[in-house]
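J.: Residue strings, one per chain:
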Amino acid sequence: MKIGLEVHVALPTKTKLFCSDLAYENQEEPNSNVCPVCLGLPGAKPVLNKKALEISVSISKALNCEITEKTWFVRKVYFYPDLPKGYQITQLDGAVGIKGYVDLNGKRIRIRRVQIEEDPARIIHEKDYSLIDFNRSGVPLNEIVTEPDITSLEELKNFIEELRSILYYQGVNINQELKTDLNISLAENRVEIKNVTGVRNLIAAAEYEIKRQTALINEGKKINKETRSYKEDSNETVSSREKETEEEYGFTFEPDLTFYDTTKLEIQKAIIASVVAKELAYKNEYREKTIRELILFNKKNLLLLTSLSKEEFKKGVSLIEKFASFGIEDYSEEDFKKMIKQDISSIEKGEFLRLLGKTSKYEEKADEKEIEKGIIEMLSQDKNLLKRGITDGKAMSFMIGKVKEKYHVTGKEAADIIKKVIKSMLNN
Amino acid sequence: MTSSFLSFEDKGYKDFISRLKQENEKLNAFNFIDENDKSGKIISVKDNICVKGMPATASSKILQGYIPGFNATVIERLEKAGFSVIGKTNMDEFGFGSFGLNSEHYARNPFNEEYITGGSSSGSAVATALIKGHVSIAESTGGSISAPASFCGVVGLTPTYGVISRYGLIDYASSLDKIGFMGKSVDNIREVMEKTIGGDPKDTTSLSVTISNKKPNKLYVIDNLMTGVNEVIKDRFEDLLAKLSAKGYKIEHTKIDYLEYSVPAYYIISMSEASTNLAKYQGFKYGFKVKDFSLNYNEFFMSARKQFGKEAKRRVILGTFIRSKSITQRYYEKALAIRHALIARMDKILKEGFIIMPSMPIFTPKISEVKDISPVEAYSMDMLTVPPNLCGFPHMSFPYFYEKGMPIGAQIITNHFNDYSLLDFLSEWESDFKYKFKEEIS
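Protein chains in written order, with the numbering used here: chain A, 1 to 428; chain B, 1 to 442.
Hints were generated in silico from the structure; no laboratory data involved. Mixed in with the good hints, there may be bad ones.
Said to hold, decoys possible - With a cut-off of at most 20 Å between alpha-carbon atoms, the simulated DMTMM-like pairs for lysine to aspartate or glutamate come out as follows:
{"id": "1", "chain 1": "B", "residue 1": "325", "chain 2": "A", "residue 2": "248"}
{"id": "2", "chain 1": "B", "residue 1": "289", "chain 2": "A", "residue 2": "82"}
{"id": "3", "chain 1": "B", "residue 1": "285", "chain 2": "A", "residue 2": "82"}
{"id": "4", "chain 1": "B", "residue 1": "334", "chain 2": "A", "residue 2": "93"}
Stated by the list, open to error - Stretches of chain A that chain B covers, calculated by requiring three or more beta carbons in the stretch to come under 8 Å of a beta carbon on chain B:
{"id": "5", "segment": "35-48"}
{"id": "6", "segment": "255-263"}
{"id": "7", "segment": "308-314"}
What the hints assert, rightly or not - Partial pick of chain A residues on the chain B-facing surface, computed with a CB cut under 10 Å:
{"id": "8", "residue": "80"}
{"id": "9", "residue": "183"}
{"id": "10", "residue": "187"}
For glycine and all other residues, C-beta sits at the position ideal for the given N, C-alpha and C.
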């Protein structure tokens, strides 16, 4: 049995792949996040979202791919109403990542290619008409193409689990929307099941198809080389009755774009993230919040972790958690290296600060009287602040920041005291 | 000489427009003339460049009724610099043509209406010849500025590929399309060029480079390019060389390998790209709309694509063939290799001097003479304009002689990013050359 996959995942960028429309936010109103570029209007030109390229390099690294130094795009030409330009901008020979692999307990599944491409628009089929929503047109995707190295349903499940874990730490959640083309051949001819949505359906489609092909073989029948689709309602695959000619997309170089040098990108963070992510991905012992907020999206902590040995790694994560829980943000690399040598497993804040040598700065917070006095001073100096007061969000958050910094109180505590002081000053 | 763009007070513009419309009835220079008052220095724009609020049809029925809601970057920059667009000029459909005849109401030569204008920027050349102190924003893919400039007796400048943003240009072949200028004096062209040049974050292939004006004193004649040129034009060209030699230029003769493949290479690359650029015209979002919703998708789609003219259909079909999997190495990849080989060979010569040649290998033909010639014959008329276009070198066609009342143009080419040297050359040429135009509108 040979199984190969083409997995499509959406990249966590703010904007679309070739224009500055929002990719995921404010999507309720159909056709509201659109512009000449993602509508494919004559005269508009694509401009690559550098963030999408960085993330794709990072994903490729996490999948052990070789990174193409000068990556480039092609036009895949076919006609469908969801494709506004009549072609999809995607990658082929110039794909960002090639020749990678994922290891599953000793079994290696090779990755042929990681390519960047744009999502087509969404078609909503009604009873006797269809609607097109171009909000999705141009959302950045990675297509991950495997070699046909998966040889059992069990392996398929394990591979998807592993991929889920690897991608999760790249900010990609495959539970949200995963589209897969599945190739299965039990005999000579390859059967392709196109456009399976979701992980559950993917496994179900494979399971059904394996049974179907096994039965045909047992009956001594031939398996047709064909394209099939998975029907969720009846849990079966059915022939798509497409013409079985070689697909002809007339791929050609995308001349509105250029070659992108992946060696000159500012992807340091992304690459480090992928190194750390790999370390984290194989363990279930870390808290999700810690991983996302304190590590993967925090450049300083990422760098600190990569300097550690494997043995120290876990302790490093605990240390980062301690710093966060004690509200210490301005620690240096020296501080980190000093503290990693200490036993901090059940340490109190006071002792932690003493070991760190920063007791004076992080002493217990000042009492309320003192804070009030400070705020009055600040407001007397800047009458404008007093005037704008609590109704102006900007002024308010400016003051909260100042108070937090000076007196080591929480944002809420600061806000409460500021409001109290302003009210009393205005009443006087 | 100071630049002398026309600009009008309210009433003057109305009168001007009525004179222009009258003339346009005969010559079809414009697809659209804007009758709203204009306060700035007036320019016209080829109909494949988007001007907010004005129709943009690229002379194609499939874009009938399309009014872009955004400006091309060149227009954005020119409006900011005080220019006003008076209308959209006629052209071969999507830029597909060397004669200007691939348009439903094709333009006619301002020197004699029985003659062709050249294409594809046919209307831009006519508008420039017609209007006093005018500059038209044109575009060239394989010779669409030089050809009509030469046949209509105006100056046509095609800049280095990439120095002018293509944002807002309706694509023919993205790796070859260059927005450029037609004008009738060096100062006008320089003013417009200085305002439009420079990188644009909206166009990935645009470049921010300093444009130089290094003046060479050698003029290279490419002997193996001259073999297909009309004998009388060759004689006139010899006279031109003698004049330039008297001005101090040293005339050198040389040959360039592979030049005979430049026209096939150009058509392979341009058709391949064009067939994908035209894939977006499907008849339901803008321009021509298919109204029969009972059709299935293929029928619906085909009834939209029927709107393409014959040459557009030919290029889509040939381009699609060239891109097919089993064929692409045989044609497309070889064409790219030819392009690279020619860039290297021309670059070597252009480091030493200008290359000079006639702009077109024939005298301006009558419309009746070329209306029914074969596509291959028509494509071969681009033999002189294709090499600089294929390689992205800046070049300029300028009028240098009038044969029986009709203008003849010559083309000079310089190295990438040395575009301003062409204008300096023109300035020198204009000092003792008298342009002839039919009655100008002002």
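J.: Which hints, by number, does the structure contradict?
T.: 7, 9, 10
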